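K.L.:
Listed below are the residues making up each chain.
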Amino acid sequence: MTDDEIDLMLPPAGLARTPWCAFDHAWYLRAYPDAAAEIGSDGFEETRNFYIAEGVARGHSPNMYFDEAFYRRRYPDIAAEIAAGRLVSGYQHYCLIGYVGRAPHWLFDPTTYAEISPELSEAALVAFDCVNLYDHYLRIGARQGRVAHWLFDPATYEATLSGTASPANGSAFAVFLGKLLLGDVPARTSIYFDPDWFAARYPDAFAATPDARCALQAYLSGDRAALRDPCPEFSEGFYRDRHPEAAEAVRRGDYASGYAYFLAGGVAALHAPSAQIDLEVYVAEHPEALDGQCRDAFAHMRASRHPALALPPPPIRHGGGVVQAHGMVDALGAWALVINLTSIPVPVGMGMLVRATFAADVLDAVAICAADTTAGETARLVLLVEDARLARGPLRQLELQQGRAAWHVAVPSTVMVGRGETMIERLQAEFVDFPPSLAAARVQAMLRRAPFTGRDTIESLSAKLRLHIEQSILCPPDGVVLIGWMAAAPGLVRCLRLHSGGQSSTIDLANVLRRRRPDVLATLTDLSDLDGDECGLLTYLPGALAPSAAAPYLSVELTNGEVGYALLPPFRPQGLATMQELLGQLEPRYDLVAPAFDQVFGPAATALNRARLANLPAPRDITFGSQPDAVMLSVIVPLYGRIDFLEYQAALFAQSSPGVPTEFIYVLDQPERQAETELLAASVAARFNLPIRLILLPRNLGYAPANNAGLRVARGTYVALMNSDVFPTAPGWGAALVARLAADPQLGVVGALLLYEDGTVQHQGMALEPLAEFAGWRFPMHPRKGKRPLAGDDLLLAEAITGACMVLRRAELVAQGGLDEAYAIGDFEDADLCARLAANGQTSAVDPKVRMYHLERQSQAAAGQAWRMNLTLFNAWTYHHRWTTPETAA
Amino acid sequence: MTRRPAKAETSAGRRVLLLSHSHPKLTRGGAEMAAVALQAGLNAQPGWQAFLVGATMDPGGARDGSPITQPFGDDDYLYTVGAFGWFNFANRDRNFPRAFAEMLEEVRPDVLHFHHYLSFGVDTFDLVRRKLPDAKIVLTLHEFQAICNHYGQMIKSDGHTLCREATPRDCNRCFSQFSRADFFLRQLYIQRFFDLVDQFIAPSQFLADRYIAWGVPAAKMRVLENVIASPAASATAVAREDKLFRVGFFGQVSRLKGINVLLDAATRLAEEKSAVTFDIHGDDSNQPDEFRADFAKRRTTAAHNVRFHGAYDNSRVDALMRNVDVVVVPSIWWENSPIVIQEALRNGKPIICSDIGGMAEKVRPGLDGWHIPVGDAPALADLLSRLATDRKALAAMGKTLRTAATPADGVAAHLALYDGLFSRP
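Protein chains in written order, with the working numbering: chain B, 1 to 890; chain L, 1 to 425.
The shape of chain B in the complex, shown without the other chains (with noise of 0.2 Å):
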């Protein structure tokens, strides 16, 4: 070989232009271990002059994608060239010419890749820049699970991939090969073969094919004079003796053996592939085989012989086009797109699969698919696809998929861009001289449709109708809550969406919360025959709003194919409030709960409840007293309600010190309360001589927050987080629970023994147990509640500890970022803490010689407080959902 032809022929394989064509020496050394051993060096250019100097000889291969043993035995007309000095090795020959319509591997049949691949022209290769068929498979067509070989299906080879992550480039040829290298040899790649029958029904297989490394390699490699069966259903030698014009297809070398014939078009034929089977009695009997669920009889057949095999379906054919136009159609919260199809393998139906990647968002929608195939070779389509949000960037990539067919639509930079009315004309244009269609006339209808003009033509519509969306609520950055009531005859409404700036989003009725509401059905005498038992709604559409856009709206489409338009009523207020008036909406108990928070409550209030703690000013900070210079505790008590509880609280710290320098911090969360609490708090620091720092939040918070705050000022190394209403009984508190955590580094978290008024517990540690009526979620319970406390000096494990007495190292409370603000007002989040805690493996506990007073209030099960209920279970849901593992969920 001259230089010119080793740069072009065995480039590096990091340099190479297509994968095939590369000398990869790194493989190289791996596959022919004698080999490496003689050139004892790894360097590249050792290695690759050792292969053209000694390998080609031996018949070695110069990567994993081409097999110079297989070549040889393949096409005995080359091996002669090659013994007669005219070419020097099989892969100079597949280089020069045999690129073109030659396999260059046993797993790698051009025929078959193309006959799966019709989009791929020569034209089309050109303009994927590929050199062949090959290439395009390694480099696209593998990653895409194009099948390019009946005996290497991807799906069935990954089927056996037990539990190891999916392939790092996608490509499951590469990874099969890569793992033969290493002796991992699959159970089975296809339906076709069977690699543990075909070992034992020819032992000297392997012996005849010494470079086989698996039993597939050695019958698709293998000399193929020896006649052997690749299964038990499948007799070479019979089929070629019954079908003469298979074994002369064989002879000429059109095939690699009567199976592949078979394969090829024999079994669709119905041929019987040995003396025991008849295919045609097969299909009589079995008329689901060919239903489509699967490619062929014989696989069927195989199938149901071997129940451990999973019957794969047929392959996908992929097939080519280019996009003409696309756009938003503004009145229809649609995005349109006009295509031209340039290869059709099967006939094209009325739903599409889309996935459009743009600059900065993927798409996976389905279509509404009107086509025009009357051309035969080529068709016309127009899609259409409801629901689109406006896209973020321009389209670069497009994807559709129906049934076993996919196509690879270009995207060219001349493509039309259009938007609204444009968008409309283009389509209109494109429907002149279109055939007639279910969805060509439903696209049409849709296109004609009044778009919306600002009034709500409801009332309107020749069907009997009554819609009222009473509240809508705005769940930053772009969630829509609705809230009100619709009543119709059952089955006439067909779809129900919301409006905004020109995208759309379906409002799913199968899965909105619906409520009863006989305040509406009394008013509704005139329209009995409505479907109207449970006819209040409530919905969460996340992502529904453009941004900047105009004032949002619904549509309702009817089943006569009529749309009316309703308004919605100003958003409410953030804050609070809307929170409140949300979770008030429904009391969900057992199968009802998880539906109404994972739907709603659980990510509307998620919204709201971050919105509410955005972008707050920052808070007052006042000292009373001087304050200690070095403090090893730094105590934080929320305020909130009883201020008056400081008084108390203060006049016990006072007395019952906590035996270590301790600053004390107030951190009120009711800022209408502020004037009043500084003025206790600088009585109090004078009376007890107990300096007190405040900090004053601008908006009531909640507990979370409220902690945080005091956190960021903190300056001792431990911190006691405490509520108001606990109250020490004997001095040195502060100085034991601290010599706990100095004593235990494993120890994350420890409190007091709390007790009521009356001495018995009121918490000595949580377990956190699932309870039937809420969805199973787990709920913090309190052991021993009530009851009379026992003797004992020893710490109290237990899975979580309560944030009325916490007490933590404040370098690791600040390395956890404080308490989680995600739990909204005050709930589970000292039982969040813990779990994090536990995460990092740490403990806590309850210290049963530190007893403190804590005047739990009274439960929330009064009447009318629906909302603290569901408050509660929103926070119960995130905790689930932060800390459910498979363990905890069963």
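All the given hints hold, so there is nothing to weed out.
Stretches of chain B that chain L covers, calculated by requiring three or more beta carbons in the stretch to come under 8 Å of a beta carbon on chain L:
hint, stretch
1, 750 to 764
2, 780 to 790
Examples of chain L residues lying across from chain B (beta carbon under 7 Å, computed):
hint, residue
3, ARG63
4, SER66
5, THR69
6, GLN70
7, PRO71
8, ASP74
Straight-line C-alpha distance at most 20 Å; calculated SDA-like pairs for lysine to any residue:
hint, chain 1, residue 1, chain 2, residue 2
9, L, LYS25, B, GLY759
10, L, LYS156, L, SER179
11, L, LYS25, B, TYR756
Think of the hints as simulated: they come from the structure by calculation, not from any bench. For clarity, every value in this text was computed on a predicted model and none was experimentally measured. All C-beta atoms, glycine included, are put in the ideal place defined by N, C-alpha and C.
Assemble the complex: chain B is given as a structure, and chain L must be docked to it using the hints.
P.N.:
Here is chain L on its own, set in the frame of chain B:
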């Protein structure tokens, strides 16, 4: 689950859990006083340990998530009632079974002695059986609740007609909102759980007979007097110099306790200018408004020979009784075993009572006192008039009065009964 450390248990000692529908620290009715007296008596016995659980309907005592708490001490429990069905005594509080089982784990009683199934529910017997299959269940019957839907009094719903037998037909006549089938089901439900009781105790034979007639097996029934609290330290009699014949009434002032019979008799005696005077101890604070209005009128029109002393603390009853000559129990309902009778006996005072039910059983005519026909005010007036003039009859009676059982006797009888349960085959 924590277990409390056990005191020394000798072979003669056992652990007893007493259950009272109202906790004695909160109310002071007869049943709860009997329970607490029994608890004190048992705890005084070496080797025995008695715990008490009382119930309350007041939600103020509840602790969120813990229906059974210990506000009063280590050996006492309080159950805050959740959801109770009064028609068939069903406990519908879904948090109760678990809390109750936890308490049984802690207490590990050998005997559970129920002084009521109100508030706990008859279905609690089943919980006990499942949790402690070897424990013995004892039930003291204090009234006819299981038999009679009218406050367990076996008085028709007109408020005064005595009822001798409960049948679905008759009960439906008293309570038309419940059908005969409903009453049949009620009986079925209650008896299904009564079957699990090892031993029934009735304070009077009268009560026992009614229950046996209703369906409780006679072999499971024992008659044992209620244990009452120990008498106060010797209360000396106040020497009196007047010639008046003092009649004492002690207890709740209510229609069924016969207060109107008493007042009518008093009016007649006042007209006859007899030397009889009446001391009425007790008040009507628990009574319905209609009665209270009527009683208020009667107080204003009552004759000068009636003095209303108002409510009294039970610990003072001995001193009060020593100031009267005779105690009258003019109830117009059956009564079971009125504590006032035992208190009168221990203070050596004869008793006048109506001639029905448990009262009549506890007062032997001519030996412990006299009977009058029930509701017969003139007969009462005649008798009192006679006694006022003939003091010798009274003195003679003083010698024949039977001695009331002491609390120690009562406790011993219960101990023997408990032990007997374990030696049955």
